[in-house]
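Okay, here's what each chain looks like letter by letter:
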Amino acid sequence: MNSSPLIDVSALGKRFAHRSASAPLTWRTFLRGWHQPPRPPFWALRNLSFSVRAGEMLGVIGRNGAGKSTLLNLLAGVIHPTEGRVSVHGRIGALLELGGGFADDLTGRENAIVAGVTAGLTRREVYSRFDDIVAFAELSEFIDEPVRTYSTGMRMRLAFAVAVHTRPDVLLVDEFLAVGDLAFQARCRSRIAELRAGGCAIVLVSHGMGDVRDTCDRVLWLRDGEIAAFGSPAMVTATYEAEMHRRTLHLSPTIPSESSHDPDGFPGKRVGSREMEITSVRLLSGSTVRSGAPFSVEIVYRGGRPALTPIFVVSITSEDGRVCLDTNTEAARLSTERLSPTGTIRFTIPRLELAAGRYFANAGIFHRDWDHAYDHHWHAYPFSVDGAPAHRGVIAPVCQWDVPTIAPAPTPVSLSSI
Amino acid sequence: MNPTAGAVSLGRRRSLEHGLDVLAVLVSRDLKLLYKRSALGFGWALLHPLIQVCVFVLIFRGFLGGKVENYASYVFIGVLVWGWFQTSLAQSTSLITSSRALLRQPRFPLSLLPLVTVAVRLFHFSLALPILVALLWMQGIRPTSAWLGLPLLIAIQFALITAFALPLAALNVRVRDTQHFVGVTLQLAMYLTPVFYSIDSLPARLGRWLEINPVVPLLEGWRSILLRGEWPDPGRLGILACASAVLLVLGHRIFVHQSRRFVEEL
Numbered sequence: 001m002n003s004s005p006l007i008d009v010s011a012l013g014k015r016f017a018h019r020s021a022s023a024p025l026t027w028r029t030f031l032r033g034w035h036q037p038p039r040p041p042f043w044a045l046r047n048l049s050f051s052v053r054a055g056e057m058l059g060v061i062g063r064n065g066a067g068k069s070t071l072l073n074l075l076a077g078v079i080h081p082t083e084g085r086v087s088v089h090g091r092i093g094a095l096l097e098l099g100g101g102f103a104d105d106l107t108g109r110e111n112a113i114v115a116g117v118t119a120g121l122t123r124r125e126v127y128s129r130f131d132d133i134v135a136f137a138e139l140s141e142f143i144d145e146p147v148r149t150y151s152t153g154m155r156m157r158l159a160f161a162v163a164v165h166t167r168p169d170v171l172l173v174d175e176f177l178a179v180g181d182l183a184f185q186a187r188c189r190s191r192i193a194e195l196r197a198g199g200c201a202i203v204l205v206s207h208g209m210g211d212v213r214d215t216c217d218r219v220l221w222l223r224d225g226e227i228a229a230f231g232s233p234a235m236v237t238a239t240y241e242a243e244m245h246r247r248t249l250h251l252s253p254t255i256p257s258e259s260s261h262d263p264d265g266f267p268g269k270r271v272g273s274r275e276m277e278i279t280s281v282r283l284l285s286g287s288t289v290r291s292g293a294p295f296s297v298e299i300v301y302r303g304g305r306p307a308l309t310p311i312f313v314v315s316i317t318s319e320d321g322r323v324c325l326d327t328n329t330e331a332a333r334l335s336t337e338r339l340s341p342t343g344t345i346r347f348t349i350p351r352l353e354l355a356a357g358r359y360f361a362n363a364g365i366f367h368r369d370w371d372h373a374y375d376h377h378w379h380a381y382p383f384s385v386d387g388a389p390a391h392r393g394v395i396a397p398v399c400q401w402d403v404p405t406i407a408p409a410p411t412p413v414s415l416s417s418i
Numbered sequence: 419m420n421p422t423a424g425a426v427s428l429g430r431r432r433s434l435e436h437g438l439d440v441l442a443v444l445v446s447r448d449l450k451l452l453y454k455r456s457a458l459g460f461g462w463a464l465l466h467p468l469i470q471v472c473v474f475v476l477i478f479r480g481f482l483g484g485k486v487e488n489y490a491s492y493v494f495i496g497v498l499v500w501g502w503f504q505t506s507l508a509q510s511t512s513l514i515t516s517s518r519a520l521l522r523q524p525r526f527p528l529s530l531l532p533l534v535t536v537a538v539r540l541f542h543f544s545l546a547l548p549i550l551v552a553l554l555w556m557q558g559i560r561p562t563s564a565w566l567g568l569p570l571l572i573a574i575q576f577a578l579i580t581a582f583a584l585p586l587a588a589l590n591v592r593v594r595d596t597q598h599f600v601g602v603t604l605q606l607a608m609y610l611t612p613v614f615y616s617i618d619s620l621p622a623r624l625g626r627w628l629e630i631n632p633v634v635p636l637l638e639g640w641r642s643i644l645l646r647g648e649w650p651d652p653g654r655l656g657i658l659a660c661a662s663a664v665l666l667v668l669g670h671r672i673f674v675h676q677s678r679r680f681v682e683e684l
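Chains as they are written, first to last, in the numbering used here: chain P, 1 to 418; chain G, 419 to 684.
Chain G on its own, in the form it takes in the complex (with noise of 0.2 Å):
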């Protein structure tokens, strides 16, 4: 073999062992801080979503739980994919604004910080699995081989997250009133998602243009695969994975593109 190939893969597996080790050490910072000082700990990563669907199910169950069977898990599994995408987003837009100690790091690469976010985030989301699944086994759904499908839910989800997570966190450094106004489209963002509705229960007019919505998929196939114990359908989520990855190469284009000019705007 010759030797700089030898050389240049030796580097290549450096580089991503040392990737990898960014994402290990900032996520567990990150959590660290989130929760060290905390009693709860946590407690408070599953309070949260807990009480959203609380609050969903005691008031929406007469209106809409008589059309959705299982309503309170239909919910859960609906807070828990929004939750997840959601506080990712928000959180990102300010991501580069607070992270000025990295930006002077020679070399860092940046474009993991988004990455690390969404990680963080979906930490909460698997702490909260284990709950669901409860409650699912208590209204008698057991396990399918359906379920095997989930990983690959979690990942078109995960690319999809960190593809609108890195223009936004780029965009801010220029125009902080990007995460402002990331904040208030994602409010209002849910009530387009059939989190604690069902979009059969809605003018079938309305329902259509829902369906441009990237996260209506995702919650289609975790619902598919959870409460009817099957596969979801492949066409939506493969258009919705390649899009996925499209979106995924053109953000990082343009916050590598931002990058270069993150220390001079701040």
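Looking at chain P on its own, in the form it has when it is part of the complex (with noise of 0.2 Å):
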């Protein structure tokens, strides 16, 4: 496989002016604009460095706002860097707003081609794959009607049909999932999992974090216009979960503080500002754990001020990802007021009633409102669970049956049972 990367960006930043400022000019506000101080303006991006090689699935997520979609017209190059780099190499073929060039008194068919050649195939290359596009997208019946009389998710399947038989060195895509019907949606990630094959590099921008978790290689995070993690799927995603659901519980009008990627010591298994930090994690309990036996983790932490009141949160997920518990100090009702600034924490469950398996230990300290993660260790302390009942599911407690019976009547059955 080809070693040089086939998206590089390094240092990135994207400066805007004032959001306001970007309807467009009249004459007296052009005149004007000379005179006056140009407004702040806000920086969408900034100190984005990464590369994507071939084959390689990148996921990109975010809240609203957070300069996903800043970064796809980046690297689509329909917007250029304020400052550092982007380079692409090779043809680019973009899933971003599927059928908005089509018009509506022109026929499938006559979009299409207009499509494809506007996406940089020449008409002789739309001819040679126009079958392979009408059949993905299952419209042969329809190919020569108006695009005015198709449903939505009908133009959706002809655009993505066009997009994806461009054979894209590289390949950006805007939540594609949320194409057509469900046998659609499979037939999407089928294609898009050939052309990863095939040597594609993608950047995938989405809010469902299973198909994040499920396809990508790597997640970037971005918060604020700067990368709030970047590693692994499980890892970036469960984190990005974690804050989302905590933000909801607890809309706070703090402004997010600073905080920085530093995967130092815990490579791919660390992420959170270091305002406060876990320095050492240990399983008390052993490695191995008997279901329904006790469970018990000692969390040793530093740098804590009276001015933080931080929570601490533990959580036990399975290998995929799954999360079994999820629990923390607020949810306990646990002041963090008075909390010395070194120390340790225990944490202890009675009756870990978890079916056999193998599970991650995880250990974290966030903002007192949720903002953000002081420091989050992720899928680095594992161990595993036996001697459970043979149940499916995650937990294995101890069962009772209760079963109503009418009154026995002797039968060979019976008798053969005892």
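Source of the hints: derived by calculation from the structure; they are not laboratory data.
Where a beta carbon is used, it is the ideal one built from N, C-alpha and C, also for glycine.
Wrong hints could be hidden among the right ones.
Stated by the list, open to error - Ranges of calculated distance between the beta carbons of each label pair, as one might list FRET restraints: (1) P:S87 to G:I630: 41 to 51 Å; (2) P:R218 to G:P569: 54 to 64 Å; (3) G:R592 to P:R63: 25 to 35 Å.
Claimed, not checked - Now the stretches of chain P that chain G is said to cover, found in silico as 3 or more residues with beta-carbon under 8 Å: (4) 49-61; (5) 96-106; (6) 115-123.
Could you fit the two chains together into a complex? Lean on the hints.
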């Protein structure tokens, strides 16, 4: 496989003029603009560096306004960086505004040809792939009908079909899984997997954590235009989900403080701003726990200050990133106002009634309003559970059945079972 | 041959082929969109200049017809040549602001868009030419070897219009007043162009000023070829061709420079 990256981004920054100034100028403001000092610009993206190689898939997550679309536009080359560098090699395919350029009065065929040619194919190339495009979009009966008669799903299917048949080297995708019905979505996924196997580098912007976790090789989390975390899908999505969940539960007016990505020591398994740090985590119950036996963890921290009043979090996740337990000191109504600056926290579950399997214990310290993580260790501390009853599912408690029966009649079957 | 040079020339040939395909596909799209759902179809493209010609001839023949031979053909040439210029520029101003989807297409050669508009209007222009030739025939005019110069006139006019269309399309993204300003200016400019009158019929002092109008040499070229069967004055057309080429390069530069900010501005 080609070792040089297809997408290379270094120290990328994009500054926009103030939002309201993006409205078109009139002559009056145009002339006045020379005299008035410009309003303060804002950075939509700052300090981004990453690369994506052939066959690799990068997920980009973050809240609305975090800079995801700006990043896609910069990668597509339709806007240009204020600082730093973006280089993208090869043909770029974009699944951004699907079907936005279709003309209502033209037929599906005419629109598909226009879309293919404007996406970078010659007419000959479009004609030679046309049957595949129509078959993929499942529109063979309607291809000569005007697009105004199409449903939204049909339009998107056609647009998607054209875009994936341009054989791009780099594919930029914005929420592709919202296209069409479930069967079509499955085909989209497998087509994207095919492109990827063929060496296409893919950038997927999505709010669907499941898709990001299942399909991406690495995940970039953007918060206010900067990298909040960058690493393995399981770790980044879980931290993101935890933070988003908490944000919705604890809407706070606090402005998020600076946080940075620093994987030292725990490559790919640690995120947080490090205002407080977890220096060690020990599984007191050992690396193998018997189902139903006690489980306890010791967390050593430092950097506590009276002003912080942080929240401590412990969670248990299965190997595939499924959360089995996620609890914290706030849920336990435990105050950390008089927390000592350094110390050891102990967390105990008297009976760990988990199904047999391999798990991770995760520990984190969060901002008091769940604004961001100070330090979060994710999937760094494995343990396994054994000796559980053979149930299916995540929990394996001791179970009891009560079955109502009719009056017993002695039969040969019951005799033989005795 | 060195293999990289081969790859480069192959890449160039492909991008040229692609550029031509983009033009062809977008021109045909625009034409279909204009006429697909209308009963009269391309008839409208002819009706518009014909009505204009009728109006001018009916109103002005009395004043000016005596001084100009074959007045109807004279006006028809004026209406067609000026019409191509005016409608192309008027439409090109709103070109970028109305093509949002294409702006977001990675690596799409946006500077082809003004060419599409100019070419669509050229198509309309060409549709009316047979009617003009028929009119000339009825007035007793027969083709001469000078008619071979017509494609050259068309090429110069194409370059001239595109040279103006590129910066205007780009400017309208930033300053929306451009499209209104251009519309009004073109309307006034028609009266400063000898569409239905002849410069000779004006006072010489005024006539000299009209010579700076770049459409004037083109109109004279068409009229010289079609009405008098003579090759036009190569000096003035040569100057116009050079000026158009310089303006085209300049306009293209301005457009490409501005195009880096299109998506942000919209």
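Evaluation of the provided hints:
{"no.": "1", "hint": "P:S87 to G:I630: 41 to 51 Å", "result": "47 Å, holds"}
{"no.": "2", "hint": "P:R218 to G:P569: 54 to 64 Å", "result": "58 Å, holds"}
{"no.": "3", "hint": "G:R592 to P:R63: 25 to 35 Å", "result": "31 Å, holds"}
{"no.": "4", "hint": "49-61", "result": "violated (count 0)"}
{"no.": "5", "hint": "96-106", "result": "holds (count 7)"}
{"no.": "6", "hint": "115-123", "result": "holds (count 7)"}
Consistency note: the structure conflicts with earlier hint 4 alone.
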